[in-house]
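Participant: Here is how the chains run, residue by residue.
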Amino acid sequence: MSVEMQDIHLVYMMPEILVAVMAMALLLLSAWTHKGGAGVVHWLTVLTIVGVILVIHVGEGTGTTFGGQFVTDAMSRYMKVLMCLGMIIPVIMSRDYIRAHAMDGGEYHVVSMFAMLGGMILASSGGFVILYLGLELMSLSFYVLAAWRRDDVRSGEAGLKYFVLGSMASGLLLYGISMIYGATGGATGFKEVAALLATPGIHDNQLLVLGMVMVLAGMGFKVAAAPFHMWAPDVYQGAPTPVTAFMAVMPKVAAFAALFRLVADVFAPAHGQWVGVLQLFAILSMATGAFAGLVQTDLKRLLAYSSIGHVGYILIGLVSNSAAGMQGVMVYLTIYLFMTVGVFAIIISFDRQGLGENIRDYQGLAHKQPLVAFVLAMFMFSMAGIPPLAGFIGKLNIFMAAVKAGLVPLAVLGVLFSAVSAFYYLRVVKVMYFDPADRESRVTFSGGGFLVVTMSMVLILMWGILPGDLLTWTASSVQTWH
Amino acid sequence: MMVADMIFYLFAALTVLAALGVVGSPNPVHSVLFLVLAFFSTAGLFVLIGAEFLAAILVMVYMGAVAILFLFVVMMLDVDFARLRHEGVRYLPIGLTVGAVMLMELGLMVAHHRLDHGTVATNTVDNTFAIGQALYTRYLYPFEVASLILLVALIGAVALTHRERKHVRRQDIAKQLARTREDAVELRKVVSGEGAS
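In order, the protein sequence lines correspond to chains A and B.
Position in the first sequence counted from 1, then plus 741, gives you this note's numbering.
Position in the second sequence counted from 1, then plus 66, gives you this note's numbering.
Where hints are given, some of them may not hold.
To be verified - Computed Cβ-Cβ distance ranges for the label pairs, DEER-style:
no.: 1; chain 1: A; residue 1: Tyr922; chain 2: B; residue 2: Ala223; range: 43 to 53 Å
no.: 2; chain 1: B; residue 1: His96; chain 2: A; residue 2: Leu1035; range: 32 to 42 Å
no.: 3; chain 1: A; residue 1: Tyr922; chain 2: B; residue 2: Leu220; range: 43 to 53 Å
no.: 4; chain 1: A; residue 1: Leu1035; chain 2: B; residue 2: Leu216; range: 37 to 47 Å
no.: 5; chain 1: A; residue 1: Leu1192; chain 2: B; residue 2: Lys241; range: 53 to 63 Å
no.: 6; chain 1: A; residue 1: Ser908; chain 2: B; residue 2: Arg156; range: 18 to 28 Å
no.: 7; chain 1: A; residue 1: Leu1035; chain 2: B; residue 2: Val89; range: 41 to 51 Å
no.: 8; chain 1: B; residue 1: Val164; chain 2: A; residue 2: Pro1129; range: 33 to 43 Å
no.: 9; chain 1: A; residue 1: Ala843; chain 2: B; residue 2: Gly261; range: 36 to 46 Å
no.: 10; chain 1: B; residue 1: Leu158; chain 2: A; residue 2: Ala1178; range: 58 to 68 Å
no.: 11; chain 1: B; residue 1: Leu158; chain 2: A; residue 2: Glu933; range: 25 to 35 Å
no.: 12; chain 1: B; residue 1: Lys241; chain 2: A; residue 2: Trp773; range: 15 to 25 Å
no.: 13; chain 1: B; residue 1: Asp192; chain 2: A; residue 2: Val791; range: 44 to 54 Å
no.: 14; chain 1: B; residue 1: Ile73; chain 2: A; residue 2: Ile943; range: 42 to 52 Å
For the record, the hints were derived by calculation from the structure and aren't laboratory data.
Predicted model only: the values in this text are computed from it and were never measured.
Backbone N, C-alpha and C fix where the C-beta goes; we use that ideal spot for every residue, glycine too.
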């Protein structure tokens, strides 16, 4: 047997290499400097991620390496920038929280970086083997992060629950991959699988269809799409708030990047075989997000159900399988990122007094701190999709794409569910503005928290009225498709 | 051929007996030791079909690490096995039903779907060599990512279990040597009748 070395172009994976090397360097640094080095690790993490964003920005455009197992293109680069933001913003805004709850051993940042690295590998995966490994690197880091406050019973429970259910989802995904492997006669690369799926007559192969559906189900678990959403509320509530802010955005972006590739590229020739499953996920997610959110009293739990609903809307974009739909997915993810980190920045700033997770903590906030209440109300309006805020633009793009693709019933259902979910977003506003304040509690921002809230607010307002820039960026990122 | 067959039946019987021993022995430590025996007999079966790499991995990883870890868990955790077993009997009917259904499904599958034997591997390259070659060329990138996953598992295990104890009196020799007479001993004048304070 001859030794065949693969084509290796490390220049395509510079961002990943930078993250991996810096994560390991920071691990050593935090091991040697003991407590005093925590601040250094924090700022070096921020600096690294900024560097990674720059490298992604100036880096090589499109190409594959390691025999097609690593793919970089405009879509994955856009998603990676979102992931970097989704990782670094929670770190910036929760510096005080991390210090107050003794989470600043430095390892917290290292594991966060590895989670992001897994997401980046997932977004750039060009085969099922590396897709699984990237997903596992990301998930394993999140299991650990969810349980990081081990003295807190709920945090431990969240970690364990996430671990057990996540392992089950990984099993489901692997089972699906093995079925595809068997049915295609040993193909694991996306290119080969797509080529085999394009041969006529292969779609009747039940094993192949089952494999594709199981892969989609496994990915559906990772983005917390109903009916695989059961873990999300408990884990969101139990995990430390910075981790919740992190896991509400970054893994979803990564998993959607992978789903994007699977749906638009790999499984596209067999579109008719699995599209019904994704439609079902979308409808169930929107329904769960809308109805289960109605009875929540905990803000983090409410946001968990809200994120399930958002995933449903994003799935509509994937289902519509057009350039407009794909663009809608990216627009929605970008806006979702800033809405979510904005709300979490406020929750974390509240938590400095041990409050802020229960909706009742916000009673009468408008009388005590009108500006903070106004900003939180704007985020809630945006999540509900009320114009002229950015959340409306996100939903509009998705529904327009669905209508254009002939999925009118799906779009109508989406609008109806979004009207139902508006109730619980507005209830938060009502609690802040019309309920009397019954306790002395204030939101006190740290520097980072203030920065994040201000930035998110500005972007939400700006993109609601002038979404032009956002649409241009996303359009150029999906142009390689269709 | 005759000898190989006999060895196969010996190992297969040992595997089944050891597996029964895992479930049936009253002492949990014996269960783990039976598990080690089951692993070892299975490794022997692997060698018989020419999969020497799998056999070696089974011995090294499962017997050397996993089974020993089980042993630690069994010995260190305070689990009331007698009660667990007593409760286990309650689930016997449903367990047997599930087992019977699975056996039936397996039988149906084998009866209807003849698996063909495929091509017999040529013996020009042995398993270990072939796996090593594929791992370091074609699957180099996944291999590296897998190593990162193991690193995260390591960091996570330490970060979640290691805790700093506050009230442990540790000997710090440098500190002891740095002690001077000035900060250790103090001379006080004691007024008679009032005692030392």
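Participant: With reference to the structure, classify each hint as holding or not holding.
Facilitator: Quick rundown of the hints versus the structure:
Distance hint check for A:Tyr922 and B:Ala223: the Cβ-Cβ separation is about 31 Å, which falls outside the suggested range of 43 to 53 Å. Checking the proposed 32 to 42 Å range against B:His96 and A:Leu1035 shows it is violated: the Cβ atoms sit about 55 Å from each other. A hinted range of 43 to 53 Å is violated for the C-beta pair A:Tyr922 and B:Leu220, which are about 30 Å apart. In this structure the hint that A:Leu1035 and B:Leu216 lie 37 to 47 Å apart at CB holds, the actual value being about 44 Å.
Look at A:Leu1192 against B:Lys241: about 43 Å separates their beta carbons, and that is not inside 53 to 63 Å. At about 27 Å, the beta-carbon gap between A:Ser908 and B:Arg156 stays in the expected band of 18 to 28 Å. At about 48 Å, the beta-carbon gap between A:Leu1035 and B:Val89 stays in the expected band of 41 to 51 Å. Restraint check, B:Val164 to A:Pro1129: a C-beta distance of roughly 58 Å breaks the suggested window 33 to 43 Å.
The supplied range of 36 to 46 Å is met by A:Ala843 and B:Gly261, whose beta-carbon atoms lie about 44 Å from each other. B:Leu158 and A:Ala1178 have their C-beta atoms about 60 Å apart, which keeps the hinted 58 to 68 Å range intact. For B:Leu158 and A:Glu933, the hinted distance range of 25 to 35 Å is not satisfied, since their beta carbons lie about 48 Å from each other. Against the hinted window of 15 to 25 Å, the Cβ-Cβ separation of B:Lys241 and A:Trp773 comes to about 20 Å, which satisfies the hint.
The supplied range of 44 to 54 Å is met by B:Asp192 and A:Val791, whose beta-carbon atoms lie about 50 Å from each other. Restraint check, B:Ile73 to A:Ile943: a C-beta distance of roughly 44 Å satisfies the suggested window 42 to 52 Å.
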